[in-house]
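Heads up: the sequence lines are chains A and B, in that order.
Take the first sequence: its position 155, counting from 1, is numbered 155 in the working numbering, and each next residue is one higher.
Quick note: to get the working numbering, add 1000 to the position in the second sequence (first position is 1).
Since the hints were derived computationally from the structure, they do not count as laboratory data.
Mixed in with the good hints, there may be bad ones.
[Claimed, not checked] The calculated lysine-lysine pairs, modelled on DSS-like cross-linking and capped at a C-alpha distance of 27 Å, are: (1) K1035/B / K170/A; (2) K19/A / K1004/B; (3) K5/A / K1016/B; (4) K1004/B / K1016/B; (5) K163/A / K1022/B.
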Amino acid sequence: MEDAKIVELFWARNEDAIKETDAVYGRRLNALAKNILQSREDAEESVNDTYMETWEAIPPQRPRYFFAFLAAICRHLSLTRLDWNMAAKRKAEVVSLTEDMEQCIPDASHERTMRGKELGRILDAFLESLPKDSRVIFLRRYWYVDTIAEIARQYGMTESKVKMQLSRTKEKLRIYLEKEEIRV
Amino acid sequence: MNGKELLLGLSYISPKYIEEAKNYSASQKRIRFRKPLLIAAVIALTLLLVGCAVAAYARIHMRLVQHNVPTTAQTDEDVSDTTPARSVIASCYPQQLPGGLPSGRGVAPESHHPESLLPQ
C-alpha cells in the first residue's frame, strides 16, 4: 500500500493502518532497531512502541516522508531503550559509533548543551554540504547503524575504502562543528 | 555535548536525507560502475579467443602449404592422376640421383640379375 493511503488510514483512526504499516515497513524497522539493540525481543518491542507513537502522532501530523517519520521514532526509541552500560560491556556496534562521534566534537562544544532540534539544524546544513555518496554512507553508518562490512557489500566497495570515506566525513564534521561554535 | 548526544541529535535531521539513504540503491551504483567494466572484459575475451583461433589456423595452414598437402577435403576423383600429390618423404628424399650414378630402381646389378644365374 502507498504511504499516502496508510497515512489516510491513520487519519481515519482505522486500526488497519498499523497492520499495513507493519506489512510495508515492519522488516526495515525491525532491522534498524535490532542494529541498535542487538536483541530480537527488544527490537520487536521497540517497533511496537513506534507504531503506538505513530498512532498518537498522526493526526495531527501528516508526514511527507512516512518511512523517515517512522524510522526516526524507531531509532530514537531504540537509543532511549538501550542499556548503555550493558552495551558497553558487550562492545555493541552503537557504542563504537558513540566513540566515533565523540571525536567529531570540538573541545569548546563539550561544555555546551544543545537541544535536539538545534543540533538537527546544524547537522542538516552539514549533510547538505557533503557529496551524495559520502552523505549516504555516513547516514548508513551513523543513522541506520549498518556495519562497515554491510555498507561495503551493499555499495560494492572495499571495507578500507568505506572506512577511509567515513574518516574523511568525520573530519569534515569536526571542522564544521568547530566553525559553527563561533556562529551559534 | 558528547558523542552520545551527537548520535541522538542525528535523529532530528531532515527526513529527506533519511529517505535518500534508504532509497539510494547500492545495486544501481554497482551496475553504473561495473557494467562497462563487464562489457569491456567480455569484448577483450572475445577478441583474445578470435585472435588465438586465427593464429592457430594460420599456423596449421602454413604447415600444410609448406608440405603441399591439400588443405581442403578432396575425393579421389578430384585429384588428378597427372599431378600426383608429392608426399612429405618424396620431397625430403628425391628419387632422382645425381648425374652419372645409375638409378637403382628396376635395374639390378648384372651379377645379381636372376638371368645371369641361368646356364648360358
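The hints, checked one at a time:
| no. | hint | in the structure |
| --- | --- | --- |
| 1 | K1035/B / K170/A | violated (31 Å) |
| 2 | K19/A / K1004/B | violated (33 Å) |
| 3 | K5/A / K1016/B | holds (20 Å) |
| 4 | K1004/B / K1016/B | holds (23 Å) |
| 5 | K163/A / K1022/B | holds (20 Å) |
Violation of the numbered hints given earlier is confined to hints 1 and 2; the remaining hints are satisfied by the structure.
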